[in-house]
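All chains, full assembly: derive it from the sequences and hints.
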Amino acid sequence: MNAVFILWLRQLKRYFRSRARMAGSLGQPTLFLLALGFGLGPTFARAGGGDYVQFLAPGIVTMGILFTAVFSGIEIIWDRRFGFLKETLVAPVSRLEIVLGRTLGSATVALIQGTIVFLVCLAAGFRPAEPLLLPLALLFMALIAIMCTAIGTAVGSVLEDMQGFQLIMNFIVLPLFFFSSALFPVPDLPGAVRLAVRLNPLSYGVDGLRGALNGGFAFGVATDFAVLGLLAAILLAIGAYLFSKIEV
Amino acid sequence: MTAPAVIEAHDLVKRFDGFTAVDHISFAVPEGVIFGFLGPNGAGKTTTIKMLTTVLTPSEGRLLIAGHDPVKEPLLVRRAFGIVFQDPSLDGELTAAENMELHGVLYRVPRTERRERIEALLRFVGLWERRDDYVKRFSGGMRRRLEIARALQHRPRILFLDEPTAGLDPQTRNQIWEFIRTLSRDESVTVFFTTHYMEEAERVADRIAVIDHGRIVAQGTAASLRQETGGRTLEDAFITLTGHSIREAEAAPIDRMRMMRRMWRSGR
Numbered sequence: 001m002n003a004v005f006i007l008w009l010r011q012l013k014r015y016f017r018s019r020a021r022m023a024g025s026l027g028q029p030t031l032f033l034l035a036l037g038f039g040l041g042p043t044f045a046r047a048g049g050g051d052y053v054q055f056l057a058p059g060i061v062t063m064g065i066l067f068t069a070v071f072s073g074i075e076i077i078w079d080r081r082f083g084f085l086k087e088t089l090v091a092p093v094s095r096l097e098i099v100l101g102r103t104l105g106s107a108t109v110a111l112i113q114g115t116i117v118f119l120v121c122l123a124a125g126f127r128p129a130e131p132l133l134l135p136l137a138l139l140f141m142a143l144i145a146i147m148c149t150a151i152g153t154a155v156g157s158v159l160e161d162m163q164g165f166q167l168i169m170n171f172i173v174l175p176l177f178f179f180s181s182a183l184f185p186v187p188d189l190p191g192a193v194r195l196a197v198r199l200n201p202l203s204y205g206v207d208g209l210r211g212a213l214n215g216g217f218a219f220g221v222a223t224d225f226a227v228l229g230l231l232a233a234i235l236l237a238i239g240a241y242l243f244s245k246i247e248v
Numbered sequence: 001m002t003a004p005a006v007i008e009a010h011d012l013v014k015r016f017d018g019f020t021a022v023d024h025i026s027f028a029v030p031e032g033v034i035f036g037f038l039g040p041n042g043a044g045k046t047t048t049i050k051m052l053t054t055v056l057t058p059s060e061g062r063l064l065i066a067g068h069d070p071v072k073e074p075l076l077v078r079r080a081f082g083i084v085f086q087d088p089s090l091d092g093e094l095t096a097a098e099n100m101e102l103h104g105v106l107y108r109v110p111r112t113e114r115r116e117r118i119e120a121l122l123r124f125v126g127l128w129e130r131r132d133d134y135v136k137r138f139s140g141g142m143r144r145r146l147e148i149a150r151a152l153q154h155r156p157r158i159l160f161l162d163e164p165t166a167g168l169d170p171q172t173r174n175q176i177w178e179f180i181r182t183l184s185r186d187e188s189v190t191v192f193f194t195t196h197y198m199e200e201a202e203r204v205a206d207r208i209a210v211i212d213h214g215r216i217v218a219q220g221t222a223a224s225l226r227q228e229t230g231g232r233t234l235e236d237a238f239i240t241l242t243g244h245s246i247r248e249a250e251a252a253p254i255d256r257m258r259m260m261r262r263m264w265r266s267g268r
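Chains as they are written, first to last, in my numbering: chain A, 1 to 248; chain B, 1 to 268.
Only true hints are included.
Think about it this way: if two alpha-carbon atoms lie no more than 16 angstroms apart in a straight line, the pair counts; the simulated EDC-like pairs of lysine to aspartate or glutamate are:
1. B:K136 - A:D79
2. A:K13 - B:E98
3. A:K13 - B:D133
Which bits of chain B does chain A cover? Going by a derived footprint, with three or more residues having C-beta under 8 angstroms, they are:
4. 49-58
5. 106-113
Calculated from the structure, these hints are not laboratory results.
Quick reminder that beta carbons are idealized off the backbone N, C-alpha and C, glycines included.
Following this line, the structure appears as structure tokens:
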């Protein structure tokens with residue numbers, strides 16, 4: 001057994017043991033799905049958009065991944081003061097191994113959480129258009145999970161205490177979500193909003209996932225994949241670098 | 001006191017943005033002794049421990065930990081010591097045995113040896129029967145005992161303890177020191193600790209250094225410090241050496257978080 005594996009395993013154990021956390025982070029996506037999906041559904045259909053729950057589901061799955069991933073990154077702040085992180089930072093292993101184990105563990109947890117949200121969507125009436133493309137959907141979910149966890153790791157490594165939490169929520173997590181085309185289609189947007197969506201890395205995740213589940217990629221599957229893969233790699237490198245600079 | 005030194009500091013300096021936290025300190029800790037590092041709040045104790053344990057890089061000076069330079073060979077130094085931090089560092093969502101196991105894997109203790117060590121040490125600190133319980137259900141004293149057992153798992157030559165008894169009741173404090181004394185003897189480990197409780201340092205430490213304003217103001221045994229200052233107890237000697245003024249440190253983020261943590265825990 002090596003350091004990366006046991007740290008990955010630790011994240012998974014923590015997830016499966018904390019049922020409250022699991023249920024808590026399911027609440028928000030479910031609420032969005034039900035309230036928006038059924039609340040705006042008739043209007044969306046009248047405007048010629050089709051079935052809104054069908055459109056919305058990939059966005060909600062992305063939301064589940066985003067929230068779980070970013071928050072497990074932010075856990076670093078707490079963990080490095082009162083938790084297990086300090087113990088790992090003086091252990092005879094490199095920071096890179098620690099950040100890899102931790103990030104892959106959190107990303108796996110986020111992927112599982114996304115899968116559960118996907119099942120909730122199925123229960124709410126969502127149906128994938130092309131079941132054969134489900135592995136592609138899973139691949140996009142994994143990339144989204146890695147990218148978002150890396151963002152969380154980067155932010156969690158820089159912040160000194162929990163005071164910045166609200167800031168992260170309002171200036172990183174929610175904008176990423178709202179301007180990602182998770183809730184609305186891109187083509188008819190006003191210029192500024194469309195630009196924001198195009199610049200938002202998460203948009204490519206939502207688009208890739210929506211394309212794989214519903215058919216029809218707004219940006220093209222190759223673009224989605226390339227942008228997401230590249231950004232996940234870059235953000236992972238940034239997260240690892242910032243993590244290596246943490247002082248306990 | 002003729003054993004070779006296992007910790008050596010020569011003219012050690014640490015500056016943060018113009019502020020000198022540790023100012024040319026030198027000391028040596030012989031192998032096998034229990035060394036007390038005392039000083040008021042903000043005197044430079046924790047900064048020194050951080051430099052000794054590879055977490056902070058010294059601005060100046062020379063350090064040797066178990067024969068290695070913490071800046072050049074951090075991994076070799078890390079293998080040579082175990083540490084119990086001032087703030088808890090266990091994973092509450094894991095069991096006592098899992099916390100031990102994680103440490104063993106990180107320190108590359110071979111599997112069979114890991115099992116033996118985990119059982120022996122958990123038995124020693126009286127937690128073997130509770131090995132499969134989640135650490136979040138443990139009392140403060142139990143957690144400390146587990147942290148000490150964990151820190152010794154990879155057979156370090158040095159054990160660092162940063163205020164190991166802070167916040168514990170007198171019975172538990174006594175018990176913790178009893179463990180530390182026995183372990184220092186049986187495991188032949190050198191112990192380097194800080195504490196606020198002078199009577200504990202007086203009772204346990206073979207050698208003491210007092211640090212204030214980043215400088216070492218006295219070194220010796222508890223008896224020699226009392227003699228030097230004409231104090232009746234080590235506490236008298238400490239106050240003679242460091243003065244009566246109370247140190248008001250600015251609240252750092254860590255203090256705010258400690259407060260949040262206390263409030264949060266007491267609310268449960």
